[in-house]
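Those protein sequences? They're chains G and W, same order as listed. The letter at position 63 of the first sequence is residue 63 when you use the working numbering, and the numbering goes up by one with no holes. The letter at position 288 of the second sequence is residue 288 when you use the working numbering, and the numbering goes up by one with no holes.
Keep in mind the hints are simulated off the structure, nothing from the lab. Some hints could be false.
[Stated by the list, open to error] Each pair of labels, with its calculated beta carbon distance range:
| # | chain 1 | residue 1 | chain 2 | residue 2 | range |
| --- | --- | --- | --- | --- | --- |
| 1 | G | 62 | W | 214 | 49 to 59 angstroms |
| 2 | G | 38 | W | 267 | 38 to 48 angstroms |
| 3 | W | 183 | G | 13 | 48 to 58 angstroms |
| 4 | W | 227 | G | 82 | 16 to 26 angstroms |
| 5 | W | 400 | G | 64 | 39 to 49 angstroms |
| 6 | W | 49 | G | 62 | 44 to 54 angstroms |
| 7 | W | 362 | G | 82 | 51 to 61 angstroms |
| 8 | G | 11 | W | 274 | 51 to 61 angstroms |
| 9 | G | 8 | W | 88 | 39 to 49 angstroms |
| 10 | G | 12 | W | 325 | 46 to 56 angstroms |
| 11 | G | 30 | W | 158 | 19 to 29 angstroms |
| 12 | W | 78 | G | 38 | 26 to 36 angstroms |
| 13 | W | 259 | G | 10 | 39 to 49 angstroms |
[What the hints assert, rightly or not] Just so you have them, the derived chain W footprint on chain G, three or more residues with Cβ under 8 angstroms:
| # | segment |
| --- | --- |
| 14 | 3-16 |
| 15 | 44-54 |
| 16 | 61-69 |
| 17 | 74-82 |
Quantities reported herein were computed from a predicted structural model and do not represent experimental measurements. Heads up, the beta-carbon is just placed ideally off N, CA and C, and yes, glycines get one too.
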Amino acid sequence: MPETFEVVVNGDVVRVEPGTSAAAAILMAGHGACRKSVGGEPRAPLCGMGVCFECRAEVDGVRHVRTCQALCRAGMRIITDGI
Amino acid sequence: MGSERGRKIVVVGAGPAGIAAACAAAEAGCAVVLMDDNPTAGGQIWRGGGGREAAQWTARLEASGARCWYGACVVSAAGGTVVAERDGEPMRIEYHELILATGARELFLPFPGWTLPGITGLGGLQALARGGVPVRGKRVVLCGSGPLLLAVAAHLREHGARVEAMAEQADFGRLVRFAARLVRWPGKLAQGLGLQWALRSVPFLTGAWPVAAEGRGELESVLLRTVQGTRRIACDWLGCAFGLIPNAELAAFLGCRIEAGVVAVDEWQRTNVAHVFCAGEPTGIGGLERSLAEGQIAGWAAAGQETKARALFGRRADLHRFSAELAEAFELRQELKELASADTIVCRCEDVRRRELAGYGGWRGAKLQTRCGMGPCQGRICGPACSFLFGWDTLSGRVRPPVFPASMGTVAAAGERQRREARV
Chain G
1 MPETFEVVVN
11 GDVVRVEPGT
21 SAAAAILMAG
31 HGACRKSVGG
41 EPRAPLCGMG
51 VCFECRAEVD
61 GVRHVRTCQA
71 LCRAGMRIIT
81 DGI
Chain W
1 MGSERGRKIV
11 VVGAGPAGIA
21 AACAAAEAGC
31 AVVLMDDNPT
41 AGGQIWRGGG
51 GREAAQWTAR
61 LEASGARCWY
71 GACVVSAAGG
81 TVVAERDGEP
91 MRIEYHELIL
101 ATGARELFLP
111 FPGWTLPGIT
121 GLGGLQALAR
131 GGVPVRGKRV
141 VLCGSGPLLL
151 AVAAHLREHG
161 ARVEAMAEQA
171 DFGRLVRFAA
181 RLVRWPGKLA
191 QGLGLQWALR
201 SVPFLTGAWP
211 VAAEGRGELE
221 SVLLRTVQGT
231 RRIACDWLGC
241 AFGLIPNAEL
251 AAFLGCRIEA
261 GVVAVDEWQR
271 TNVAHVFCAG
281 EPTGIGGLER
291 SLAEGQIAGW
301 AAAGQETKAR
311 ALFGRRADLH
321 RFSAELAEAF
331 ELRQELKELA
341 SADTIVCRCE
351 DVRRRELAGY
361 GGWRGAKLQT
371 RCGMGPCQGR
381 ICGPACSFLF
391 GWDTLSGRVR
401 PPVFPASMGT
411 VAAAGERQRR
421 EARV
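Go ahead and model the full structure; you've got the sequences and the hints to work with.
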């Protein structure tokens, strides 16, 4: 069993395994969406491979990060965009 | 071409084609740099592992001496230099030969409700699950088209998902003909039969496709059009994609000729642009074996090892025949063009609806007037959809830098290079 570690999503602590994407952490924290669209709809990952930008959120102070491509690190702080 | 030790070769894309190209070129004595946007090697097919074959290739890559840069997004390339962005910082790498192995992505077609959270691609859902998105005990419906449907269903079931149904848009008859022709490729036939057996308890609907997804704020159910009429299935996840399309944006940006949506190459995998090669899915969707063969040919050819490259020509020709069978069997039906209603969002970045796109004769006009394709994905999702729905050419000669969204610092670094070239 690989050693798990904690990340923070919108202030909530989530325990994840190495290799977990930030997108997965958002969903595991119980947030169904990553961002709000220009028309105000909730949006969540579509392509899962860094192309569609639907999973973008703020990671460690950097905005518009594609969370499906970003691997969790211990202590990572993720903030969903407008959701 | 001539062999030359120390020749600098940059390979863009570390999926099977890119790994194979980098191995071949590095083993021939070239100085190879392999770059990829993803955090690790393997591309989409070997994301998060990939079994023995993947392990063998990655071990060979490590032993080859090729330098690997992961998490590096190529934003521009011209005149012997690739500009990429990594951790927000620009990086520039010079090359004598450039090999594009940029892979493929899924084709998404808009239908009512397709923007609800819980709806992903097929490979998309698999990739998310490999990244730790929990699927155990979840009700999953998979639909769209292509061999990925079965592969993803099997993978998700292994990870505890409850796959409620699989819906393939192609008719049963086409699939039977395809299966009959697979006897020429026993490995692929065995793979297909193995998946069918593993999935024998899951309803597999043919000539069926999604007509709407429903839910308040998130996915609750999908409506499938089947030969027996419309069926509503409750689900937590809907994986849906209508086959694969080449990632040809970088090739188009470099001026490579695109024919029928794929990058045109000669027998050495050379494009029409000097010193630019292309291998794998961008030259035509064909799967793992074709990508490995083309990658090696490109790597050997770029390194000047014609004899070694030529040795794989026969294998490649055979795999090209498989690609043709694949394209015929899973050709998209015309009814799918009518899935999106007037009110359905086509461009998810800018929330542009189908009705707003009516009356435009082409991609450029629609982009300028409606902002369709002008968001962060730069039309990578809605462009191919518009191409299918309206017949618009969304690729050739229309890709501008940066090829991928980048920080202003990186854009400036790329622009600086272009200005210096313009002066010479």
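Q | Satisfaction of the hinted span 44 to 54 angstroms by the C-beta atoms belonging to residue 49 (chain W) and residue 62 (chain G) | A | Violated: the Cβ-Cβ distance is about 28 angstroms, outside 44 to 54 angstroms.
Q: Kindly confirm whether 46 to 56 angstroms is satisfied by the beta carbon distance between residue 12 (chain G) and residue 325 (chain W).
A: Because 50 angstroms falls inside the window, the suggested range holds.
Q: Would you check chain W against the segment 61-69 of chain G, counting CB to CB pairs closer than 8 angstroms, and say if three or more residues qualify?
A: holds (count 4)
Q) Are at least 3 residues of the segment 44-54 of chain G within less than 8 angstroms of chain W when you compare beta carbons? A) holds (count 11)
Q: Using the Cβ atoms, figure out if residue 11 (chain G) sits within 51 to 61 angstroms of residue 274 (chain W).
A: With Cβ atoms ~54 angstroms apart, the hint holds.
**Q.** residue 183 (chain W) versus residue 13 (chain G) beta-carbon gap, inside 48 to 58 angstroms or not
**A.** At roughly 55 angstroms between Cβ atoms, residue 13 (chain G) and residue 183 (chain W) fall inside 48 to 58 angstroms, so the hint holds.
Q: With respect to the beta-carbon atoms only, verify the hint that residue 38 (chain G) and residue 267 (chain W) lie 38 to 48 angstroms apart.
A: This hint holds: roughly 47 angstroms between Cβ atoms.
Q) Between residue 62 (chain G) and residue 214 (chain W), does the beta-carbon spacing fit 49 to 59 angstroms? A) violated, 35 angstroms
Q | Range hint compliance [Cβ, residue 362 (chain W) to residue 82 (chain G), 51 to 61 angstroms] | A | violated, 33 angstroms
Q | Three-residue Cβ test at 8 angstroms for the coverage of the segment 3-16 of chain G by chain W | A | violated (count 1)
Q | Status of the given 39 to 49 angstroms range, CB of residue 64 (chain G) versus CB of residue 400 (chain W) | A | violated, 20 angstroms
(Q) Assuming the hint says 16 to 26 angstroms, is it satisfied by the Cβ distance from residue 227 (chain W) to residue 82 (chain G) or not? (A) violated, 42 angstroms
Checked against the numbered hints above, the structure violates hints 1, 4, 5, 6, 7, 9, 14, 17; every other hint is satisfied.
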